[in-house]
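Trainee: Each chain, letter by letter, is given below.
Protein chains: 2
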Amino acid sequence: MIIVNTGNGKGKTTAAIGQIIRSLGRGWKVCLVQLFKGKEFYGEQHILRKLKNLDFYSFAPKHPFCFPEVSKKKASEQCRAALAFFRTITEEKPGHYQLIVLEEFIIAIREGYIALDELLKTLDAVPDNTHVLLTGRGAPRELIRKADLVTEMKEIKHPFSKGQRAQKGIEF
Amino acid sequence: MIIVNTGNGKGKTTAAIGQIIRSLGRGWKVCLVQLFKGKEFYGEQHILRKLKNLDFYSFAPKHPFCFPEVSKKKASEQCRAALAFFRTITEEKPGHYQLIVLEEFIIAIREGYIALDELLKTLDAVPDNTHVLLTGRGAPRELIRKADLVTEMKEIKHPFSKGQRAQKGIEF
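Protein chains in written order, with this note's numbering: chain A, 3 to 174; chain B, 3 to 174.
None of these hints come from the bench; they were simulated from the model.
Some hints here could point you the wrong way.
Copies of the same chain look alike in the list, so a pair counts if it fits in one copy or across any two.
[Claimed, not checked] Capping the alpha-carbon separation at 30 Å, the derived lysine-lysine pairs in DSSO-like fashion look like this:
1. LYS170 x LYS52
2. LYS64 x LYS74
3. LYS164 x LYS148
4. LYS31 x LYS164
5. LYS95 x LYS159
6. LYS164 x LYS123
7. LYS31 x LYS54
8. LYS31 x LYS159
9. LYS39 x LYS156
10. LYS75 x LYS64
11. LYS123 x LYS170
12. LYS95 x LYS170
13. LYS159 x LYS123
14. LYS170 x LYS148
15. LYS52 x LYS41
16. LYS31 x LYS74
17. LYS156 x LYS170
18. LYS31 x LYS95
Put together the whole structure using the sequences plus the hints.
Mentor: Spelled out as structure tokens, the structure:
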């Protein structure tokens, strides 16, 4: 099953983390591939790193928008490496993971760092007994069409819009 | 801060679980109060139970809709006990928890098992250094007004609507 968490609201990543915890609780093997998330930046990473049956990889830790010293070319190379990694595990370890989470891959598509076609082709090669969960705002129509379960996390109210900064423990 | 995860889509509970993991990763003390969730039913419970700094309580494990042998009166008593418990920890241990998660309390309000007024009054008494996250579809307007951060998890596509049953590891 292909699952998509999209939308402009809070909850895309935390719902993915919660899904990982639920799946691990069933004894599943889970692979998390994160984009644009510094390895030490997010609170959840300290807990996830210790959990059994979870393999955790991080690519393109610095997004050019936040780190102007990182070129778009560099970010694109790193995102393409992440997609190649996803392709490798689906080809070389088919069915090894019951859940693969592709964090912020939708952002990488939206910004043109990876090609939608290539991602869709790789998703086609995933065996039926592996679920793939993708996150990121602005999911393209073709991905929504291919997915089985899509949730839009829609912002109704957020303190950011009142100018409040991201809070440690809540947003990261 | 008061946070609300509502809407008809998947992700309200998993986002709450993910939020708990993030907060625990910051060394926060977290209290999870669940309604309508059998203690052994959800995959995540097996992992959550082992985590340090998380106190985990379950009330009204059987919802009358799923278990007709449970009367609405019984369910209402159990939900009111959960609300009383929440009130007790905010009064007797103010600031002890940095995050309190009230799972499905919005359902309990919607079904009249607990009174919205009483919940709102209890939320008013929560100290500023404690965040409260409430989940459940159909959040009432008064709660949204009081909350600082509200996300609607909106169903765009779900296999349930094609008649597929809930999948272990994904939905529970």
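Trainee: Against this structure, judge whether each hint is valid.
Mentor: Going down the list of hints, with the structure as the test:
In the homo-oligomer, the alpha carbons of LYS170 and LYS52 lie at most 30 Å apart both inside one protomer (20 Å) and across protomers (23 Å), since each shortest distance falls under that limit. In the homo-oligomer, the alpha carbons of LYS64 and LYS74 lie at most 30 Å apart inside one protomer (10 Å), although the nearest pairing across protomers, at 52 Å, exceeds that limit. Taking the closest pair of Cα atoms, LYS164 and LYS148 come within 30 Å of each other only across two copies (15 Å); inside a single copy the shortest separation is 36 Å, beyond that limit. Proximity of LYS31 to LYS164 under the C-alpha cut-off of 30 Å is restricted to the inter-copy arrangement: shortest distance 27 Å between copies versus 41 Å within a copy.
Within a single copy, LYS95 and LYS159 get their C-alpha atoms only as close as 42 Å, which misses the 30 Å cut-off; across copies the closest is 29 Å, which meets it. Taking identical chains as interchangeable, the C-alpha atoms of LYS164 and LYS123 lie at most 30 Å apart only when they sit on different chains, with a minimum of 25 Å there against 41 Å within one chain. Taking the closest pair of Cα atoms, LYS31 and LYS54 come within 30 Å of each other both inside a single copy (9 Å) and across two copies (22 Å). In this homomeric assembly, LYS31 and LYS159 come within 30 Å of each other (Cα to Cα) only across copies, at 25 Å, whereas the closest approach inside a single copy is 35 Å.
Proximity of LYS39 to LYS156 under the C-alpha cut-off of 30 Å is found in both arrangements, the shortest distances being 22 Å within a copy and 25 Å between copies. Taking the shortest Cα distances, LYS75 and LYS64 sit within 30 Å of each other inside one copy (12 Å), while across copies they are farther apart (54 Å). For a Cα distance limit of 30 Å, the shortest separation of LYS123 from LYS170 across copies, 27 Å, qualifies, whereas the shortest one inside one copy, 37 Å, does not. Within a single copy, LYS95 and LYS170 get their C-alpha atoms only as close as 36 Å, which misses the 30 Å cut-off; across copies the closest is 22 Å, which meets it.
For the homomeric pair LYS159 and LYS123, the shortest alpha-carbon distance between copies (21 Å) is at most 30 Å, but the shortest distance inside one copy (37 Å) is not. In this assembly of identical chains, LYS170 and LYS148 lie within 30 Å of each other by CA distance solely across copies; the values are 22 Å between and 35 Å within a copy. Proximity of LYS52 to LYS41 under the C-alpha cut-off of 30 Å is found in both arrangements, the shortest distances being 14 Å within a copy and 24 Å between copies. Taking identical chains as interchangeable, the C-alpha atoms of LYS31 and LYS74 are never at most 30 Å apart, the minima being 33 Å within one chain and 40 Å between chains.
Proximity of LYS156 and LYS170 under a CA criterion of 30 Å is satisfied in both settings, with 21 Å inside one chain copy and 26 Å between copies. In this homomeric assembly, LYS31 and LYS95 come within 30 Å of each other (Cα to Cα) only inside a single copy, at 12 Å, whereas the closest approach across copies is 38 Å.
Checked against the numbered hints given earlier, the structure breaks only hint 16 and satisfies all the rest.
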